[in-house]
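Colleague: Residue-level listing of the chains:
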Amino acid sequence: MTPGLPDSISDWIGALQAQGYFADGRLATALHLAVRLGRPLLLEGEPGVGKTELAKAVSRVLGREMVRLQCYDGLEQRDALYEWNHAAQLLHLRLAQQSSAPEQLEREIYDPQYLIARPLLKALQAQPPGVVLLIDEVDRADEPFEAFLLEYLGEYQVSIPELGTVGAEAMPITFLTSNRTRDLHDAVKRRCLFHFMDYPDRDRELAIVRQHVPEASAQLSSQVAAFVHKLRSQPYADAFVRLPGIAESVEWAKALVALNTVHLDPEVVDSTAGVLFKQKEDVAALGSLTNDLLAPEKAA
Amino acid sequence: MSVSMLGDARSGKLAENIMGFGRLLRRAGLPVDSSRIALGLQAVQAVDIGSRDQLRWALESVLVSREQDRVVFGELFDAIFRNPEIAKQLMAQLLPVSKAQKESARRRPRSQEALSSPAQRQREDAAPPKEEHRLDAAMSMSDQQRLKQADFEMLSASEYRLVQRLATQIALPIPQWPSRRRMAGRRAGALHWAACLRRAAQTGGEFIELPSRVPRLRPLPVVILVDVSGSMERYARMLLAFLHAATRGAARRVFAFGSQLTDLTRAFRAEDPDDMLVQAAHAIPDFAGGTRMAESLKVLRTEHRGALIGRRSLVLVISDGLDTGDLQALDYELSWLHKQSHRMVWLNPLLRFDGYAPLAGGARVLARQSHAMLAVHNLSRLEELAEALRQLLRR
Numbered sequence: 000m001t002p003g004l005p006d007s008i009s010d011w012i013g014a015l016q017a018q019g020y021f022a023d024g025r026l027a028t029a030l031h032l033a034v035r036l037g038r039p040l041l042l043e044g045e046p047g048v049g050k051t052e053l054a055k056a057v058s059r060v061l062g063r064e065m066v067r068l069q070c071y072d073g074l075e076q077r078d079a080l081y082e083w084n085h086a087a088q089l090l091h092l093r094l095a096q097q098s099s100a101p102e103q104l105e106r107e108i109y110d111p112q113y114l115i116a117r118p119l120l121k122a123l124q125a126q127p128p129g130v131v132l133l134i135d136e137v138d139r140a141d142e143p144f145e146a147f148l149l150e151y152l153g154e155y156q157v158s159i160p161e162l163g164t165v166g167a168e169a170m171p172i173t174f175l176t177s178n179r180t181r182d183l184h185d186a187v188k189r190r191c192l193f194h195f196m197d198y199p200d201r202d203r204e205l206a207i208v209r210q211h212v213p214e215a216s217a218q219l220s221s222q223v224a225a226f227v228h229k230l231r232s233q234p235y236a237d238a239f240v241r242l243p244g245i246a247e248s249v250e251w252a253k254a255l256v257a258l259n260t261v262h263l264d265p266e267v268v269d270s271t272a273g274v275l276f277k278q279k280e281d282v283a284a285l286g287s288l289t290n291d292l293l294a295p296e297k298a299a
Numbered sequence: 000m001s002v003s004m005l006g007d008a009r010s011g012k013l014a015e016n017i018m019g020f021g022r023l024l025r026r027a028g029l030p031v032d033s034s035r036i037a038l039g040l041q042a043v044q045a046v047d048i049g050s051r052d053q054l055r056w057a058l059e060s061v062l063v064s065r066e067q068d069r070v071v072f073g074e075l076f077d078a079i080f081r082n083p084e085i086a087k088q089l090m091a092q093l094l095p096v097s098k099a100q101k102e103s104a105r106r107r108p109r110s111q112e113a114l115s116s117p118a119q120r121q122r123e124d125a126a127p128p129k130e131e132h133r134l135d136a137a138m139s140m141s142d143q144q145r146l147k148q149a150d151f152e153m154l155s156a157s158e159y160r161l162v163q164r165l166a167t168q169i170a171l172p173i174p175q176w177p178s179r180r181r182m183a184g185r186r187a188g189a190l191h192w193a194a195c196l197r198r199a200a201q202t203g204g205e206f207i208e209l210p211s212r213v214p215r216l217r218p219l220p221v222v223i224l225v226d227v228s229g230s231m232e233r234y235a236r237m238l239l240a241f242l243h244a245a246t247r248g249a250a251r252r253v254f255a256f257g258s259q260l261t262d263l264t265r266a267f268r269a270e271d272p273d274d275m276l277v278q279a280a281h282a283i284p285d286f287a288g289g290t291r292m293a294e295s296l297k298v299l300r301t302e303h304r305g306a307l308i309g310r311r312s313l314v315l316v317i318s319d320g321l322d323t324g325d326l327q328a329l330d331y332e333l334s335w336l337h338k339q340s341h342r343m344v345w346l347n348p349l350l351r352f353d354g355y356a357p358l359a360g361g362a363r364v365l366a367r368q369s370h371a372m373l374a375v376h377n378l379s380r381l382e383e384l385a386e387a388l389r390q391l392l393r394r
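Residue numbers (numbering that gives the first Met the number 0), protein chains in the order written: chain B, 0 to 299; chain P, 0 to 394.
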């Protein structure tokens with residue numbers, strides 16, 4: 000076992016918490032198993048529930064570099080894996096053409112110094128203890144890329160025709176995130192452990208808000224956590240198209256602090272609604288529900 | 000939950016239990032194969048199985064791979080690991096489970112079916128009269144639906160041949176758009192270095208041709224919305240079959256709408272049009288019912304937002320526009336759809352009547368919000384559809 004690697008579920012919870020990330024038991028178990036069994040962890044969930052943050056926090060906990068591949072429509076192997084620096088190769092070719100023999104020349108231009116490593120290759124080449132590899136928003140890339148990823152995640156090696164096979168120096172700890180804009184292929188899911196991230200419960204949200212916005216008063220942060228939590232629960236949640244994530248509640252708390260708010264009232268909620276919601280219909284829906292949402296909880 | 004109940008890993012009892020649980024999940028429709036089960040076994044050994052929560056979380060992260068399966072997993076986990084006796088009985092698949100039955104009301108039908116023993120399931124299949132009596136009202140309604148679905152399900156041989164002919168002879172060329180992937184081409188632009196080098200190698204190291212990087216063309220993604228309400232009954236089936244064959248190869252999402260929205264994308268993956276129609280008929284709960292287009296589109300907007308890809312999608316709305324719902328809401332939803340799509344085309348079977356004008360409320364809104372209205376009332380018009388679409392997209 001690598002030194003410094005948290006080796007139980009409670010160790011992980013503690014270590015992540017020290018880095019300002021509040022994981023629940025279910026998440027910590029999935030993480031513990033992913034690391035222990037050497038499998039990628041697929042994180043699904045609504046935007047803003049802390050999928051990307053988890054990878055960052057793990058990289059801080061382990062003191063390993065984080066290598067991030069942001070996926071997008073049209074992502075190609077050249078952007079994800081490697082690319083030859085053709086311009087430099089040509090220059091070298093022109094200069095050396097007179098002096099060297101053809102075989103010698105070929106060896107020279109396919110030298111690793113002309114290879115531009117992109118994130119997936121970088122993750123393999125990293126020296127022990129290895130890196131934390133984040134493949135962000137896999138659902139945005141297309142199916143051919145997914146098929147390639149399947150091979151990569153299975154073997155953690157790639158073959159470069161001119162150089163040969165490159166294997167992992169040290170196994171990266173891999174996270175995949177998906178916003179579920181489309182279903183991932185079953186084969187990719189089979190390679191991974193799966194964790195669906197829910198919105199946090201109220202206490203965890205409060206801890207997160209406190210951590211990220213320490214300048215907010217205790218009263219304000221607990222009001223923010225309670226308000227957002229209530230808004231995400233039934234029957235209110237149905238009124239909105241897109242619910243605010245943790246990122247939004249943290250932003251909101253910051254906005255409220257910037258406005259010198261001491262406690263929430265309908266007016267301030269109304270004027271800051273644009274921080275929580277990014278859709279016209281949702282802002283309008285919030286307007287009609289503010290009073291209900293601000294009403295004090297019945298004593299539980 | 001105690002370790003003794005689960006058994007010791009070394010004695011093999013644990014393996015047996017996990018395997019039984021995995022099989023049970025599979026019966027409930029979760030994609031759990033033997034390699035997953037093996038991984039599950041490794042997983043439970045990496046956590047403290049004395050803690051019920053940890054055991055649950057560990058198994059969940061390994062055996063569940065879709066969000067929609069989490070509830071079923073939870074129910075089955077509770078059922079199995081609450082009482083070792085139940086677990087034993089279930090895994091031996093010998094007796095019907097009295098305890099599980101008592102709690103049946105609250106469980107999902109999928110969990111319920113997985114928990115019932117095979118013998119019990121057979122019995123239910125064979126003789127369901129009691130059930131029928133209890134669900135009287137609902138059954139008579141669904142019987143009606145089933146009758147209507149019956150002639151929806153299969154193509155007659157002549158129709159089948161016709162669809163086949165149409166699909167091969169008049170391939171509906173889905174218009175193409177430049178994707179963000181690039182390939183070597185001739186137009187000026189950034190050089191395609193790899194191709195330059197390859198060509199140079201053929202000409203003794205001299206650069207004579209300089210291929211540049213040009214975008215690859217790909218068919219536009221298609222979103223098809225088919226009205227399956229009563230008034231559209233005669234057209235929906237043939238159109239579905241035609242579009243199924245004609246848009247093969249394109250990225251497509253297909254939805255049927257009547258009184259509610261049904262996602263038919265999965266059904267459209269079937270190769271055979273008959274298979275597709277059978278699956279579609281099963282999926283559509285309200286075939287030949289009413290039309291509530293605005294509500295259906297709202298579901299599309301809120302739950303299937305991802306179906307429309309970055310304002311590139313070609314949206315085909317197949318409807319007669321005889322909608323009885325709220326027109327203002329329909330207008331709002333259609334304008335959203337209009338804005339999200341590359342082109343929105345209304346295929347209207349009523350266009351065959353001379354002097355037809357979209358006067359009905361829903362039709363008026365559709366005519367206003369669509370980029371074009373095309374006739375699809377019989378198959379010969381389908382041949383013109385391809386050309387019309389091409390014209391429309393050139394603009």
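What the hints contain is simulated information worked out from the structure, not anything from laboratory work. Do not rely on the hints blindly, as some may be mistaken.
From the structure, some residues in chain B lie toward chain P, with a derived Cβ separation under 7 Å [to be verified]:
1. Ala29
2. Arg35
3. Glu75
4. His85
5. Thr180
6. Arg181
7. Val187
8. Arg190
9. Leu192
10. Phe193
11. Phe239
12. Val240
From the three backbone atoms N, C-alpha and C, an ideal C-beta is built for every residue, glycine too.
Colleague: Against this structure, judge whether each hint is valid.
Modeller: Hint by hint, here is what the structure shows:
no., hint, result
1, Ala29, "holds, 4 Å"
2, Arg35, "holds, 5 Å"
3, Glu75, "holds, 6 Å"
4, His85, "holds, 3 Å"
5, Thr180, "holds, 4 Å"
6, Arg181, "holds, 6 Å"
7, Val187, "violated, 10 Å"
8, Arg190, "violated, 10 Å"
9, Leu192, "holds, 5 Å"
10, Phe193, "holds, 4 Å"
11, Phe239, "violated, 10 Å"
12, Val240, "holds, 5 Å"
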